[in-house]
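Construct the complete structure from the given sequences, taking the supplied hints into account.
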Amino acid sequence: MRQPIAGVVHAEIVEREIDLAALLAMVQHRGIGAVSLFVGIVRDVNEERQVSGMEYDAYVPMAAAQLSAIASEACAKEPDLVVAVEHRIGTLKVGEASVAIACAHPHRREAISAAGEIIEALKKRVPVWKLEHYIDGSRQWIDPTASAQAATNA
Amino acid sequence: MRQPIAGVVHAEIVEREIDLAALLAMVQHRGIGAVSLFVGIVRDVNEERQVSGMEYDAYVPMAAAQLSAIASEACAKEPDLVVAVEHRIGTLKVGEASVAIACAHPHRREAISAAGEIIEALKKRVPVWKLEHYIDGSRQWIDPTASAQAATNA
Amino acid sequence: MKSPTTSVLLFASYADAFGGREIELPVPTPCVVNDLVEALRDLPGGSRLPARPLVAVNREWVELSASVREGDEIAVIPPVAGG
Amino acid sequence: MKSPTTSVLLFASYADAFGGREIELPVPTPCVVNDLVEALRDLPGGSRLPARPLVAVNREWVELSASVREGDEIAVIPPVAGG
Chain A
1 MRQPIAGVVH AEIVEREIDL AALLAMVQHR GIGAVSLFVG IVRDVNEERQ VSGMEYDAYV
61 PMAAAQLSAI ASEACAKEPD LVVAVEHRIG TLKVGEASVA IACAHPHRRE AISAAGEIIE
121 ALKKRVPVWK LEHYIDGSRQ WIDPTASAQA ATNA
Chain B
1 MRQPIAGVVH AEIVEREIDL AALLAMVQHR GIGAVSLFVG IVRDVNEERQ VSGMEYDAYV
61 PMAAAQLSAI ASEACAKEPD LVVAVEHRIG TLKVGEASVA IACAHPHRRE AISAAGEIIE
121 ALKKRVPVWK LEHYIDGSRQ WIDPTASAQA ATNA
Chain C
1 MKSPTTSVLL FASYADAFGG REIELPVPTP CVVNDLVEAL RDLPGGSRLP ARPLVAVNRE
61 WVELSASVRE GDEIAVIPPV AGG
Chain D
1 MKSPTTSVLL FASYADAFGG REIELPVPTP CVVNDLVEAL RDLPGGSRLP ARPLVAVNRE
61 WVELSASVRE GDEIAVIPPV AGG
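Chains as they are written, first to last, in the working numbering: chain A, 1 to 154; chain B, 1 to 154; chain C, 1 to 83; chain D, 1 to 83.
Keep in mind the hints are simulated off the structure, nothing from the lab. Heads up, a few of these hints could be off.
Using 20 Å as the maximum straight-line C-alpha spacing, the simulated SDA-like pairs for lysine to any residue come out as follows [stated by the list, open to error]:
id : chain 1 : residue 1 : chain 2 : residue 2
1  : A       : K123      : C       : L54
2  : B       : K124      : D       : P79
3  : B       : K93       : A       : I5
4  : A       : K93       : B       : M1
In structure tokens:
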């Protein structure tokens, strides 16, 4: 196993499939006792409408900078934390991963909290949007501020 | 993608490497919006002693039953939750996964809480023990009740 | 140095509403962010904007009172929906 | 039907302390779990047991007051340390 590392090892907006195994490998080293991985996935139903796929748009340079800043802030709070995070954009099918956050730490609670805090911050601060494609052929930009229900969706 | 499934799809004590990709695949279906994966890993230092490896012992049939019961209880609380969990026993090297818990749900908060609750319950209720091997050649059964410090370790 | 117009980046539903991912607004710099928002609101599609739209200057979130200088990168940003 | 002894499963540090993963205790069934714990405490290695050791009957956690019948699977269990 690799010697200890800490901090943000990877934070990127990508236009290809997210490789979960690669993210898990990036955060590991000899001193790690726990890894928490969060994966956001395109699902087949949103607010009771049948979804056929999703198009993700982003303000790419700002999204990359915000992703990196959020991960850095988590690492500033926990000096032994290691974070690798990717958000995918472009056209995704149901079942594909849109975001993945891998957090490693010597202890489990820190790894678990970090992954949870990063996804919450990401949903507030990273300029990414999704155009849902429905099976009836229509499309709609998702606005999480439009309803309280939507705001709690994954 | 597979049609919706829910509940405990896998809960096992194994004597081989844990296949994280397989666990992630087991919990996914068309209705999933989030997956939270927790991985416990053998690390190189515990309570300031240098660890060379770990031997996990278990009361196997009871450990398997408890693992299954814990996962079932999590699913009883959250009807759309899907859980796959494995605990490895035998001899593990530093960097290898000893336990993995994959939780999938339509929404992120439920997936994240479930993985956190299952690892906490596992550490209290599943009869598994670890014999730490130190680089000086000595060995010691870990007793999490022996110190408050140890009780918070991953 | 003053420029007679200021360029603003638009994305997603705002790009659809205003017909492009970049728009020139008849507002000279220096100005404040809110001047640009109000100029955008006067255009066809302007009703699409909420009372207080999100804005970034040079890729950082700012308040509507933030000042804008020649050469700044301005983006008026729809409600974010990542993850 | 009474058996003159009861078999108890041991693991990890307790298996080391008592010299095996299964031990016959001179306690007839029916009895309660605490009778078995006290018999174990009287053996060499018994000082290894905490005041209230963990016990399972038929693979479920039980109190020390739980009753034990002929054929039950009894395990006296060291502090668990999984994960």
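Comparing the hints with the structure gives:
1. A/K123 / C/L54: With Cα atoms ~14 Å apart, A/K123 and C/L54 stay inside 20 Å; holds.
2. B/K124 / D/P79: Status holds; Cα separation ~9 Å.
3. B/K93 / A/I5: holds, 19 Å
4. A/K93 / B/M1: Given pair A/K93, B/M1 holds - Cα atoms ~9 Å apart, limit 20 Å.
Of the numbered hints listed earlier, not one is contradicted by the structure.
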